[in-house]
Amino acid sequence: MDIKVLRDNHKLLAEYKYELGKIDKGYTGRSLFVNISENKIESKPVSQMMKDKFVGGKGFGLWYLWNATTPSTKWNDPENEIIICGGPVCGITQYPGSGKSLVCSISPATDMPIDSNVGGYFGPLLKFSGWDALELQGKSEKDIIIVIDGNNGTVRIEEASLEAVDGHVLGEQLTEMYADNEEDKRNVAVVTAGSGAEHTRMGLLNFTFYDPRRKVARLKQAGRGGIGTVFRDKKVKALVVKFSSVKGDLNNPFDQGILNRTGIKLHKEVHDLDPKQNNMRKIGTANIIEVMDEYDLLPVMNYQYGNHPDTQKIKSTVFIDKYITQGVQDGCWYGCSLACAKAADNFLLKTGPYKGHKVTVDGPEYENAAGLGSNCAIFDPEGILELNFYCDTYGIDTISFGTATAFAMECYERGIINKEITGGLELNFGNFDSAAQLLHQMSKGEGFGVVVGQGIHRMKELFAEKYGADADFLFDIGMEQKGLEYSEYGSKESLAQQGGYGLTNKGPQHDEAWLIFMDMVNNQIPTFEDKAEALHYFPMFRTWFGLYGLCKLPWNDIAPANNKFTSEPAKIPEHVQNYLDIVYGVTGKRLGTDDMVRESERVYNFQRIFNIRLGKGLRKNDKTPYRSMGPVTKEEYESRQERYDGQLKEKIGYDVTGKTTEEKMAVLRSYREDQYEKLTDAVYKRRGWNSNGVPTIEHLKELGMDLPELIEVVKGLQ
Amino acid sequence: MVKYLAKDDLKCIQCGTCEEVCSSAYFKTKDRFKSCIQINEEQGKPEISVCSQCGKCIDICPVMAISRDKQGIVRINKKICVGCFMCVGFCPELSMRQHDDYIEPFKCIACGLCAKKCPTGAISMAEKDDSQSQELKLDKLFNK
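Residue numbers (our numbering), protein chains in the order written: chain C, 1 to 718; chain R, 1001 to 1144.
These are calculated hints, taken from the structure and not from any lab test.
None of the values given here were measured: they were computed from a predicted structure.
Think of the CB as a built atom: it goes at the ideal place given N, C-alpha and C, for glycine as much as any other residue.
Hints may be right or wrong, so weigh each one.
Derived DSS-like pairs (lysine-lysine); straight-line CA-CA distance at most 27 Å [what the hints assert, rightly or not]: (1) R/Lys-1056 / C/Lys-215; (2) C/Lys-185 / R/Lys-1079; (3) R/Lys-1140 / C/Lys-265; (4) R/Lys-1056 / R/Lys-1070; (5) C/Lys-17 / C/Lys-142; (6) C/Lys-276 / C/Lys-139; (7) C/Lys-25 / R/Lys-1028; (8) C/Lys-276 / R/Lys-1034; (9) C/Lys-40 / C/Lys-51; (10) R/Lys-1045 / C/Lys-247; (11) R/Lys-1045 / C/Lys-25; (12) R/Lys-1078 / C/Lys-265; (13) R/Lys-1045 / C/Lys-322; (14) R/Lys-1034 / R/Lys-1078; (15) R/Lys-1034 / C/Lys-185; (16) C/Lys-215 / R/Lys-1034; (17) R/Lys-1140 / C/Lys-247; (18) C/Lys-358 / R/Lys-1140.
Which stretches of chain R does chain C cover? Using the computed rule of at least three CB atoms under 8 Å from a CB of chain C, they are [what the hints assert, rightly or not]: (19) 1021 to 1033; (20) 1041 to 1055.
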């Protein structure tokens, strides 16, 4: 449809004019509050307390969310918010991975706060337009867009009924609508969901960045926890920000020279070492598909197995050689030389409403290849790319979709559900057509796709209540916790990673801790105390990226040549120092490594207490499905019999001679579940929590987080 | 054809004239750190560091601020540049320059001023075939 027709059809609901302001050492000092129930737009000051205790990014997001909601707020209540905030470092152009936005909301999947870290240009352009954060509240009756013009100082709420909903179309429409010309398109950033977000609880947000070479509005995703579902429930079609004078010093940093030097040092490191290390510039995170298979960690058939002979059909080189355009600058913000945002161009779609279209597919990232591929036994690169494309444009989280579909497939294969229940879909492992059908059904809001789209937590309840399935077995094989689907790593053989998934604030994702190699492969953290220390340090360290508007990948997906000779190679000390330097360069704040952890602890504990306020966040909520800990079925045990038999003998002194697989499984299970409990005790202790997982008042005082509203929540649980 | 500054390290006597000429022309100051050509020393021998106009940086720039002009010279459009300095880190010759007084990088544009003043002929203007240009051909790549 003609862009002019679309725009002429807009109806202005509210307009707000503001002074452009100036950024001072990474902060604009104010947030943009928009309530779409009342069409109210306001500027809110950012206080010194917010900077001191919450820093920015998800810290600000969670703080605003806490103040906007009550202990009874549900995801679809009007007071629930979506907050987008970059953080003080967000928007510098010299250091790779410095353009991230953190998005917070109460999740329809977990019914508690979720935060998601996403690239694309929205966060930096929002800040350059004069706003540290966008706080969006309320619910509209009709589809609207919010347009921020950072050059003219206006914010408009406009009814927008004719635009598309699907991300790849809407991103293009609004980029073209608000850009003055082709060269101006990179100055427009759009946030969309997609049609699938309207009918599922796994809706995501697409954040665009215009690619001037491909001439396409590329998409990055705030994927986890259903924030896109909240977005569409509020009837927001899109957010648009326009700012057309990006330079490398707009954060008005304390010391630009440090940023320049630190950035150039890392650019050189990436140039020299990436081809020898992870090949991020060629294939992004998907470089590890075959590595995970080799280490028996790749999720195969709903995490039953860790490898498969057909992995070679979807290994990284297949994508490099045949699908992913090579040699093009692929950063999702300026200055990202790691450039992991890969894309397959001129990809011909074979199914669905865009069948026959040639599109640019943003991906595959490792999680997509593993979740949509091996976990569903779809060992077909084109199948993976097609599912990847439709997940993105429909606004569906690839990880939740992949894991939920793998669960449904296992249920189908085991006869827990059948063709009658699936509406005729043959959900066998490996059936690409059925997986694609599920997605298209999610887009249309019909059929079994809507059931899968509610996520594993709700599927388990439905299958047990309505179809008489064994609830305990479903609990064992359903790879979700707290309502969120697991991301795509097998954790059975790494106790630390079981904790890395299970002992998290927002559910089992790998944003907080990824310890498999340290634990299982390199055996660097053998004792409970070692593991607990790792499950304290790494979640805090990784949380820190989300406070400043940073990406984690340039921390450890590239390493200095001498890293292995340092005292703690897993921490990559030189890169940690880089981060301390760039924070100093932007804010003038000279932090040490302990301060870094402390800053995160404040927000991490705040988030834990936020969960508790919403009736979660206790030890019982940290229980994990047994599939994440060990073999649920006979087939799984027997696939690794030698390893499991050996462990029974060596670790427990159990004589396996003459024992049936079932007997051995029971002993192994009891041992592993006990190990997880012991790990939980050790981790809680290290984090300053009591045995129920509640932060102690003493610990909150030590952190400077003994705010009255927090004490109120935890005082009865000490 | 691509115009570029050819160099012969063996003829260089490290007098620094080229650096002075360049920084004076470019930034109206005599400062070798603001010169596009820089004379370094490698294992006791002079090494002339200057852009070969290979064009690798063209593909590195996220905003396409670097392009080749009609004479084949690789130039930075400073109005568009966002100061990420990836081109500095990725230059195969390590001859894309950066100075903290400026938020954009700078490079040799083969103006020839330094060559005219070089007392030994260690640097001179030259031309090479287009086939040595290393940037991607985007039209072919994306079929657009």
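Evaluation of the provided hints:
1. R/Lys-1056 / C/Lys-215: holds (21 Å)
2. C/Lys-185 / R/Lys-1079: Measuring from Cα to Cα gives roughly 16 Å; hence the hint holds.
3. R/Lys-1140 / C/Lys-265: violated (33 Å)
4. R/Lys-1056 / R/Lys-1070: The given pair, whose Cα atoms are some 17 Å apart, holds under the 27 Å limit.
5. C/Lys-17 / C/Lys-142: Roughly 23 Å between the alpha carbons, so the hint for C/Lys-17 and C/Lys-142 holds.
6. C/Lys-276 / C/Lys-139: violated (50 Å)
7. C/Lys-25 / R/Lys-1028: violated (30 Å)
8. C/Lys-276 / R/Lys-1034: At roughly 33 Å apart (the allowed maximum being 27 Å), R/Lys-1034 and C/Lys-276 break the hint.
9. C/Lys-40 / C/Lys-51: holds (25 Å)
10. R/Lys-1045 / C/Lys-247: violated (39 Å)
11. R/Lys-1045 / C/Lys-25: violated (44 Å)
12. R/Lys-1078 / C/Lys-265: At roughly 22 Å apart (the allowed maximum being 27 Å), C/Lys-265 and R/Lys-1078 satisfy the hint.
13. R/Lys-1045 / C/Lys-322: violated (46 Å)
14. R/Lys-1034 / R/Lys-1078: holds (16 Å)
15. R/Lys-1034 / C/Lys-185: violated (33 Å)
16. C/Lys-215 / R/Lys-1034: violated (35 Å)
17. R/Lys-1140 / C/Lys-247: At roughly 31 Å apart (the allowed maximum being 27 Å), C/Lys-247 and R/Lys-1140 break the hint.
18. C/Lys-358 / R/Lys-1140: Measuring from Cα to Cα gives roughly 16 Å; hence the hint holds.
19. 1021 to 1033: violated (count 0)
20. 1041 to 1055: Not satisfied, violated; 0 residues make the cut.
Of the numbered hints given earlier, the model fails hints 3, 6, 7, 8, 10, 11, 13, 15, 16, 17, 19 and 20; all others are met.
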